[in-house]
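Undergrad: Take a look at the letters that make up each chain.
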Amino acid sequence: MKSLKRFFKRLFNSAARRIQEERLREEIAEHIALQTEENLRDGLSSVEARRQAMLKFGGVEAMKQDYRAERGLPFFENLLGDLRNALRTISRMPGLAAVIILSLAIGIGVNTTILSWIQLIMLQPLPAVSGALNFLVVEPRTDTGGYPGASWLEYRALQMQLPALRDLVAFEMVPFNVGEKGQTERTHGQLVSGNYFSALGLKPAIGRFIRPEEVERTGTEPVVVISYDYWQTRFRGAPEVVGQKLRVNEHDLTVIGVAPRGFQGTMLPLKFELWAPATMTPALLGGARDLQDRTSRAFSLIGILRLGATREEAQTEFSTAMTQHARDYPEASAGITGEILPFWKAPRGPQRMLMTGLAILQGVMLLLLLAVCGNTANLMLARGSTRQREMAVRVALGAGRWRIVSLVLSENMLLALFGTGLGVALAVWGTTALRVAPMIGAFPIQFQTRVDGLTLAFAILLGVACGLIFSAAPAVHLARLDPQEGLREVSNTPPRSRARKVLMAAEVGLAMVVLIAAALFLQSFRSARQTDPRFRPEGVLLASYDLSGRNPNEASEREFAARLLERLRSLPDVEDAAIATNVPLDLHGIPARTFTVEGRVRTEPGQDRATTNTVTPGYFKVMGIPLVEGNDFAEMRDKAAPAQAIVNEEFVRRYLNGADAIGRRIQTRAGSFAIIGVARNAVYNSFGEPPQPAVYFSYRDVPAMQGELHLKTRSGNETALTSEARAVLRDVDPMLPLYDVRTFPQHIERNLYLRRIPARMFVVLGPLLLGLAAIGIYAVVSYAVARRTKEIGLRLAFGATSGRVVLQIIRENLGVIIWGTAIGWLLALVISLRAIPKGAVDVPVFIGVPAILLSVATLACWIPARRASRIDPMAALRHE
Amino acid sequence: MKQKTDVLQGTLALMVLKTLDVLGPLHGYGIARRIEQISGDVLAVNQGTLYPVLLRLEHEGAIASEWGASENNRRARFYRLTREGRKQLQVETQGWEQTAAIIEKFFAVKTGDLS
Numbered sequence: 001m002k003s004l005k006r007f008f009k010r011l012f013n014s015a016a017r018r019i020q021e022e023r024l025r026e027e028i029a030e031h032i033a034l035q036t037e038e039n040l041r042d043g044l045s046s047v048e049a050r051r052q053a054m055l056k057f058g059g060v061e062a063m064k065q066d067y068r069a070e071r072g073l074p075f076f077e078n079l080l081g082d083l084r085n086a087l088r089t090i091s092r093m094p095g096l097a098a099v100i101i102l103s104l105a106i107g108i109g110v111n112t113t114i115l116s117w118i119q120l121i122m123l124q125p126l127p128a129v130s131g132a133l134n135f136l137v138v139e140p141r142t143d144t145g146g147y148p149g150a151s152w153l154e155y156r157a158l159q160m161q162l163p164a165l166r167d168l169v170a171f172e173m174v175p176f177n178v179g180e181k182g183q184t185e186r187t188h189g190q191l192v193s194g195n196y197f198s199a200l201g202l203k204p205a206i207g208r209f210i211r212p213e214e215v216e217r218t219g220t221e222p223v224v225v226i227s228y229d230y231w232q233t234r235f236r237g238a239p240e241v242v243g244q245k246l247r248v249n250e251h252d253l254t255v256i257g258v259a260p261r262g263f264q265g266t267m268l269p270l271k272f273e274l275w276a277p278a279t280m281t282p283a284l285l286g287g288a289r290d291l292q293d294r295t296s297r298a299f300s301l302i303g304i305l306r307l308g309a310t311r312e313e314a315q316t317e318f319s320t321a322m323t324q325h326a327r328d329y330p331e332a333s334a335g336i337t338g339e340i341l342p343f344w345k346a347p348r349g350p351q352r353m354l355m356t357g358l359a360i361l362q363g364v365m366l367l368l369l370l371a372v373c374g375n376t377a378n379l380m381l382a383r384g385s386t387r388q389r390e391m392a393v394r395v396a397l398g399a400g401r402w403r404i405v406s407l408v409l410s411e412n413m414l415l416a417l418f419g420t421g422l423g424v425a426l427a428v429w430g431t432t433a434l435r436v437a438p439m440i441g442a443f444p445i446q447f448q449t450r451v452d453g454l455t456l457a458f459a460i461l462l463g464v465a466c467g468l469i470f471s472a473a474p475a476v477h478l479a480r481l482d483p484q485e486g487l488r489e490v491s492n493t494p495p496r497s498r499a500r501k502v503l504m505a506a507e508v509g510l511a512m513v514v515l516i517a518a519a520l521f522l523q524s525f526r527s528a529r530q531t532d533p534r535f536r537p538e539g540v541l542l543a544s545y546d547l548s549g550r551n552p553n554e555a556s557e558r559e560f561a562a563r564l565l566e567r568l569r570s571l572p573d574v575e576d577a578a579i580a581t582n583v584p585l586d587l588h589g590i591p592a593r594t595f596t597v598e599g600r601v602r603t604e605p606g607q608d609r610a611t612t613n614t615v616t617p618g619y620f621k622v623m624g625i626p627l628v629e630g631n632d633f634a635e636m637r638d639k640a641a642p643a644q645a646i647v648n649e650e651f652v653r654r655y656l657n658g659a660d661a662i663g664r665r666i667q668t669r670a671g672s673f674a675i676i677g678v679a680r681n682a683v684y685n686s687f688g689e690p691p692q693p694a695v696y697f698s699y700r701d702v703p704a705m706q707g708e709l710h711l712k713t714r715s716g717n718e719t720a721l722t723s724e725a726r727a728v729l730r731d732v733d734p735m736l737p738l739y740d741v742r743t744f745p746q747h748i749e750r751n752l753y754l755r756r757i758p759a760r761m762f763v764v765l766g767p768l769l770l771g772l773a774a775i776g777i778y779a780v781v782s783y784a785v786a787r788r789t790k791e792i793g794l795r796l797a798f799g800a801t802s803g804r805v806v807l808q809i810i811r812e813n814l815g816v817i818i819w820g821t822a823i824g825w826l827l828a829l830v831i832s833l834r835a836i837p838k839g840a841v842d843v844p845v846f847i848g849v850p851a852i853l854l855s856v857a858t859l860a861c862w863i864p865a866r867r868a869s870r871i872d873p874m875a876a877l878r879h880e
Numbered sequence: 881m882k883q884k885t886d887v888l889q890g891t892l893a894l895m896v897l898k899t900l901d902v903l904g905p906l907h908g909y910g911i912a913r914r915i916e917q918i919s920g921d922v923l924a925v926n927q928g929t930l931y932p933v934l935l936r937l938e939h940e941g942a943i944a945s946e947w948g949a950s951e952n953n954r955r956a957r958f959y960r961l962t963r964e965g966r967k968q969l970q971v972e973t974q975g976w977e978q979t980a981a982i983i984e985k986f987f988a989v990k991t992g993d994l995s
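So the sequence lines, in the order shown, correspond to chains G and V. Residues 1 to 880, numbered by the working numbering, are exactly what the first sequence covers, in order. Residues 881 to 995, numbered by the working numbering, are exactly what the second sequence covers, in order.
Be aware that one or more of the hints could be misleading.
To be verified - Here are the computed distance ranges between Cβ atoms for each label pair:
# : chain 1 : residue 1 : chain 2 : residue 2 : range
1 : V       : Val971    : G       : Ala425    : 57 to 63 Å
2 : G       : Gly400    : V       : Pro905    : 35 to 41 Å
3 : V       : Ile983    : G       : Met54     : 22 to 28 Å
4 : G       : Leu55     : V       : Pro905    : 24 to 30 Å
5 : G       : Ala69     : V       : Pro905    : 23 to 29 Å
6 : G       : Gln52     : V       : Val902    : 23 to 29 Å
7 : V       : Val971    : G       : Leu468    : 45 to 51 Å
Hints in this document: simulated from the structure, not taken from any laboratory. Just so we're clear, the structure is a prediction, and the values are computed from it rather than from any experiment. Yeah, the Cβ is synthetic: ideal placement off N, Cα and C, and Gly gets one too.
Start from the sequences, fold in the hints, and give me the full structure.
TA: Right, dumping it as structure tokens:
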């Protein structure tokens, strides 16, 4: 109670400071006057009387200090005073403050943006779904380490077999042609199990969601749920959309509801617009057998744990179930086990590709921020030594060490605060920029990144940490100052601060590590691109067609492909044309299938698998893949030849021990095929992959509804072929759209897109970091030179040439910089050897980066040194 | 060093309260004189230390102050004891007497008495 009362009195006094101060002054004056009169009465002289009175009263200033401490709230008053002082100090150095605040802002902004991105992938893998972290990825896994997905029948069985999961959800990603014939629009959607929306706990924006009973029997209800964005853009948000028909893949689907805002499906970062019952698969995909065929592993599964169940329990149940499947359906499930993983560990999909890049990026960016701190500390330290006198005076007047530290701290914290504010603004801008959905070829991608509580807290934490880091050195330096020495020191003797040089070296070293990391990352990215794909993508145009929805049969599909190819080959600019079901380096990868081959007995359990592609004759010529043995496939209309297959060299090596392959038979689910040729290995799924066994089947034997046209031009100008190809297709089938037209190089770029995002950031940030290091060096050297104006003037007056002066300054500073560079270089070397154990050290990077860094550093020393050497010796000597 | 100041400050506050209790409203100099007369050298030097104590007592509500005229008709700040201060004085006097009595006994005890 009493202390509370005191507190309020103090608070009030803090406000009414001046009046109080006046009162004390008056009281002291009166006290001394009375004492003086007393002394006069005792017979002292007037001067002596006053002197004795003063002596008796004691130290006025010390008492005042006590009085003030008693009166107000010294801590807050000091803080306020410090902040006011800090603001004044900062406004006296606008240029320096701007550099510090801006570089901090960039560092904090970039870090916060990346964190929001990582956070999105790790903590919000299902946008608009609350409790998304409770969901687990349920992934069948082959014995070769692949993740093939689950079949529908397997999913239905697993629903029963995994009691630890409250819900198990299946979905498949499908491309849709929406609209009437001839004017269709390509959209992406998901075919989903009946519990999809209820398990995710979503509420429809309007209408209702798919009911479980609608996904019980095949083709029960032709219904579709549309995304919020789709509703807004295509239907202008009209509520009458519910009940309307939407023509999808030439089937009428009734719109029953709209998904909540922000929901973009269950395959981050892909953005889907339509959701239809999985039982619509045969109808929408032209008789696809996904629902009955156990080898068609088209579905992805996610599940949510029952209350109280653990992931380990679910994993045990899943393993047991998969063992049972392998026993019951060996042709589809032999050798397939399974893993239940948290979402962010999902073994396939785009988020996986992004995560690695982002993690590296975040690490590098934190290092960059550390470099910014080093820079700032150095600048503050340099400024700090001009203030030695000021601080010495403060200490001499009775300021405690702690007061000095808090003074320095408040200045730096204020700078850090400004930097953080600007950085958060940058992060808000950055996350908004990331939300804009770019198209990766046919796939729309969206990151719903934003600055929320967590990222904001991160930004503030970074800001405070930075503030503390770069205050530490100057604060310690100034607080240790001996006031006598500080006052005596005349400013023309150069203060040789070891701390400043150590910091400069540390910063340069850090820059070195980051720059080498960035260069190595870029280098590996570029070398991935320059790797020979072992086929020739140049001059090849790709385009897709899709016969689903016109009830094709094998004969009509074969005939369609044959006619199309004949017409295309007759075009003057077409050197050759082919059709294939898969294109190498596709974003989803090429399927691998199981088979048995004559002359091989598998000893280990499981089944042999190989990448498969079904191609027309002429494919190898178009792709520039030479046949090392045997011949190309028989003509499309050849009815006599038996079913054929062509394998690659890796296949022969791995499965036939290099024996003669020609004439052997391959047995798959689709039948028996005779090997008629061996093709050279090529790249199938990604650059830098180890050689993969592959089997090519002939379109003649196993025609398909969907096809990828490959057109090789004579002129090399493949884009010019687009309109001609469209015209040809219109001739063959007037209603069929040709979609996803792209050149082969464009197709490859798409594959690299996700890897390119972090690579691009490195390209921007590398120079930025170099710039920061240069600013740091420049600031330190120019400051040191300014302090030595008199000395330099003296040297010049004694006949030193300006060249010698410049050389000496550069030599002094470069020595420190070289130390830093060497340490950074060694560190980077160790890291690179650890990170890429078998890879050779990238010599150009390890020589080039230090060369660039040292030349920039030399330049940053040279500019202030040269300016100093140009001064007039007379003026310099009069300095001070 | 600090310890000593604290003890002094504590006793000083008590002395101030007692002075005001006995002599009625007084200004700072008057209080200082009185304490000096009675205690001798406690306040012979550093009379200034009195003022922070006065301020603290005022914040605690034990004393109140107002401007008045001093003996030579100049403006001076007069302090007087409040009702709360009187209570505090009583409590503290008791406490002090107890403490003093205990301490006195301790000093009175000789080694032989305890065996």
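Undergrad: Determine for every hint whether it applies to the structure shown.
TA: Checked hints:
1. V:Val971 <-> G:Ala425: 57 to 63 Å: Holds - the Cβ-Cβ distance for Val971 (chain V) and Ala425 (chain G), about 59 Å, lies within 57 to 63 Å.
2. G:Gly400 <-> V:Pro905: 35 to 41 Å: Distance hint for Gly400 (chain G), Pro905 (chain V) holds at roughly 38 Å.
3. V:Ile983 <-> G:Met54: 22 to 28 Å: 36 Å, violated
4. G:Leu55 <-> V:Pro905: 24 to 30 Å: Holds, since Leu55 (chain G) and Pro905 (chain V) (Cβ atoms, about 28 Å apart) stay within the stated range.
5. G:Ala69 <-> V:Pro905: 23 to 29 Å: Check passed, 27 Å falls within 23 to 29 Å.
6. G:Gln52 <-> V:Val902: 23 to 29 Å: 27 Å, holds
7. V:Val971 <-> G:Leu468: 45 to 51 Å: At 47 Å between Cβs, range holds.
Hint check: a violation occurs at hint 3 only; the rest are consistent with the structure.
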